[in-house]
Every structure is written in C-alpha cells, then in structure tokens.
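Number of protein chains: 2
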Amino acid sequence: MSYTYEYPHPAVTTDIAIFTVIDDALKVLLITRGAEPFKGEWALPGGFLDLDESLEDCARRELQEETGLEGVYLEQLYTFGAVGRDPRERILTVAYYALISLDGQRVQAGDDAADAQWFAVDALPALACDHADILAMAIDRLAAKMAYSTVGLQLMPDEFTLSRLMRVYELAGRKVLDKRNFRKWILGLGLLEETGGKWSDGAHRPALLYRVKDKSRVEIVRK
Amino acid sequence: MSYTYEYPHPAVTTDIAIFTVIDDALKVLLITRGAEPFKGEWALPGGFLDLDESLEDCARRELQEETGLEGVYLEQLYTFGAVGRDPRERILTVAYYALISLDGQRVQAGDDAADAQWFAVDALPALACDHADILAMAIDRLAAKMAYSTVGLQLMPDEFTLSRLMRVYELAGRKVLDKRNFRKWILGLGLLEETGGKWSDGAHRPALLYRVKDKSRVEIVRK
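Protein chains in written order, with my numbering: chain A, 3 to 225; chain B, 3 to 225.
A couple of the hints might just be wrong.
Keeping only pairs whose Cα atoms sit at most 30 Å apart, straight-line, the calculated DSS-like set for lysine-lysine is [as the list claims (entries may be wrong)]: (1) B/K147 with A/K177; (2) A/K29 with B/K186; (3) A/K177 with B/K200; (4) B/K181 with A/K186; (5) A/K29 with A/K186; (6) A/K147 with A/K181; (7) B/K41 with A/K147; (8) B/K186 with A/K147.
Sample of chain B residues with no beta-carbon within 12 Å of chain A, all distances over it, derived [as the list claims (entries may be wrong)]: (9) E8; (10) L57; (11) L129; (12) A138; (13) P159; (14) E161; (15) L167; (16) R169; (17) F184; (18) L211; (19) R213.
Hints in this document: simulated from the structure, not taken from any laboratory.
Think of the CB as a built atom: it goes at the ideal place given N, C-alpha and C, for glycine as much as any other residue.
Looking at chain A on its own, in the form it has when it is part of the complex (with noise of 0.2 Å):
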C-alpha cells in the first residue's frame, strides 16, 4: 500500500548528559566539538538518528563513539526543538540524562569528539548551540527524582557505606539531608545488603559496606 505523504523531514539526534560523582562533587561529561558548526566549543556527546535504531540505542552509541562510555543508566529528558537552535538545517534533538558509577571506566575521546572532559555542574563553561539549556533541565530533572527514588545507585560503586550513599544523594539531590530519615529509607527498601566488609578512613569508627542486592532490580521506587 502507497500512501500520498510530502512533509519536509527535519534532522534529528540524540544529546547526553552524563553525570557521576567524582571526589566531594556532581560532575557532568563534556566534550569539544571536532568539526563545524561550533568547532572547538564545549557541547554534551550526542549525534544523529541511524534510521534503522531507536533513540535509546542512538544515545548509547554517541556515548560510547564520543566517549568511550558503555553501559550506563539511561532516561529521556525531553526533545528541543526551537527553530533555529542550529545553523545547519531544522534539527530537533531527543536529550537523555545518563548516570555512571566511574569503577573501571574511562573516558575517552573519539569520533567526532576532539576531548572529553568531567566537569562540575557548579564550574561549567559555555556550551555550543542550546546545550546549556538542556544540561539545566537535566540537572534540575536529576535533583528531583533523587527526592523519591532509588535512581542514586546507579552512581554507586559495588560496595559503598551508608554515609557516602547519603553524600551522593546530597550532591545530585542538591539539599542536605537528614541522616536518620535517609537511612531509615534507604535500608526500610531492602534493596542493600552488608558485604560483610568495612571501610575506615583512620580517623573514625570504621563503617558498614553495602552492596545492592540485585542490580538488575535496581528499580525506581517512590517513598
């Protein structure tokens, strides 16, 4: 069956912002561009739409090209489409915010990527195009859920303490937090379970370490 159908067609890709937890602060992946437009200035990772994937898959690739990133939790942000966000033609971008716990992975710069470089959300520099519009969206996006989900362990390593989960939460979550609630919380989910082992930094008592039970059951729960 043939169907009479003339539309214009826009161009569209998929952005990223990634974010991890590196020391004491919320950080975010950014990348320079290596050609026009923008060349040379800060953007997210990102690229276009294979017709033959799905956004998801697309997002997942252009990390992974840009950056070396694989395997990372991933949502869908929202979809900018301002005319003229982008010299080149209409070009509507489908943005995802991603979170990775960093053990064992490194960035690296590739593609059509020229560097790659972890930077803190309170420390950012001028981005390309409409990119800094759409990492404030993802960090006020990530804020919020780290108020009623479990979406935080995704930026965990395998074994961690209670205090540095609740650090985390802090951090992406924006808001100070109370100890007593937020273990009750946390530990009342029966997502974690002790390892058995402890961690000490010398100077206090030495602490409990977590695991979670089954990551691939790491589920967004509401309190």
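Take the given structure of chain A and dock chain B to it, following the hints.
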C-alpha cells in the same frame, strides 16, 4: 558557511492526549482517522511538524485543526520513536498531554479527523499505531503530577467548590484523598479566592465558590 552533512531524516509528528473531567470521570479526546494508514481507527489527535513551527506550536495547531480546541494547558510528555512503529516510514512522535476545562468550548472534528469523541480513560477503545502506549504514559504522568502540583486547576471552570476541586484531583490523580489535608494544602498555597457566591445541590448545605486569583500565574507548586 556550508557543512558536509548527509544524514537520513525521519518524519516527525506531534500527538496530543488531551484530558478533561466530564460528570464524574476523567476523559480523553480521541479522533477517528480520516485517511490511511489506520483509516477509521481511533487515535490521538496529531500530525506532521512544519519546519517553521516549534514542537508545541505544532501540537496546538493539530489539536485545533482536528478537534477545534484552543488555549489549552500543554506539556511535553515523551518522544516515541521505535523502529517500525508506523507502516509508512520512520516516524518519531513528540507526544504532549493537555488539560482543559470544557466551559464554552465545543469539540468539532475537522481536518484529517472524521470524528472526535471524549472517552472515559477506564473505557477506551482499541487505538491505532502505538497510541495506547502513549496514552497509558500520559494517564500515569497526569496522576503523578496531581500528587504534588497545582496542574489540576487547569481542569476547573472559572468558579468551583473545594469539594468539586478535590473530586477532580481524585479522578485525575486516581487516588482517594483526605478532605482535611487537601483543603489545608490547596488553601495554604494562596492561589484561590472566594467569589462571594455559593453553590448548592439542594440536598446539602450551600458551599463557598472559589476562583483562581490570577490564572496566568497558576504554576506547578510542590507540596
């Protein structure tokens, strides 16, 4: 400046799940498609993006053309882009959800829509394409937002009692509410004022009528 740039382009549409409360049910407006593919099937109103309009403008235009509705509250929901979701070619759709109070607005099928009818969300017909998935997500998103925001005021006529407002929150939020807590919350926000009038069904004590102080300032407020 010109760029080497030869990526295939998908088609892009917007689709709109528009909700209202009629009598004692949350309802969504569906159209029957006037052309192939899916001719004669129930579907969400929507259509192809023009390259010189924003995504939201496209959603508003398609809603007006196919149903006659204007001036609605609109939020982007999610972009659906599975390979093969449409038999014509690769088509992404940026889905929106919308809320309206029906005061003074009549639904009128037009453009590509052969018919337009309100359906209770608990008694939906089979839908074309992946529109059942889109609608299910819209119903969930609306229910979630009713739990912490003033978005429900968008479903109200100019004057209403607090009992009616709470009932609309219960229907759209899909949750039984506590009368005392609901009144404390909504009045505590300072968004409502008494009109001076009262409403009575004849059987109960007359209830105070309220209106939104400044409709342009009604925004999402977290509890």
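Now the hints, each set against the structure:
1. B/K147 with A/K177: 21 Å, holds
2. A/K29 with B/K186: 40 Å, violated
3. A/K177 with B/K200: Judged against 30 Å, a Cα distance of about 44 Å means the pair is violated.
4. B/K181 with A/K186: 29 Å, holds
5. A/K29 with A/K186: The hint holds at about 27 Å.
6. A/K147 with A/K181: It holds: about 18 Å lies between the C-alpha atoms, which stays within 30 Å.
7. B/K41 with A/K147: 40 Å, violated
8. B/K186 with A/K147: Holds, because 26 Å separates the two Cα atoms, which is no more than 30 Å.
9. E8: Since the minimum Cβ distance to chain A is about 10 Å, B/E8 lies within 12 Å and the statement is violated.
10. L57: 4 Å, violated
11. L129: 19 Å, holds
12. A138: Holds: least Cβ distance 16 Å, greater than 12 Å.
13. P159: 31 Å, holds
14. E161: 33 Å, holds
15. L167: It holds; B/L167 is separated from chain A by about 24 Å at its closest Cβ, greater than 12 Å.
16. R169: 24 Å, holds
17. F184: The claim holds: B/F184 sits with its nearest Cβ about 19 Å from chain A, beyond 12 Å.
18. L211: 34 Å, holds
19. R213: The claim stands: B/R213 keeps its Cβ more than 12 Å from every Cβ of chain A (closest is about 30 Å).
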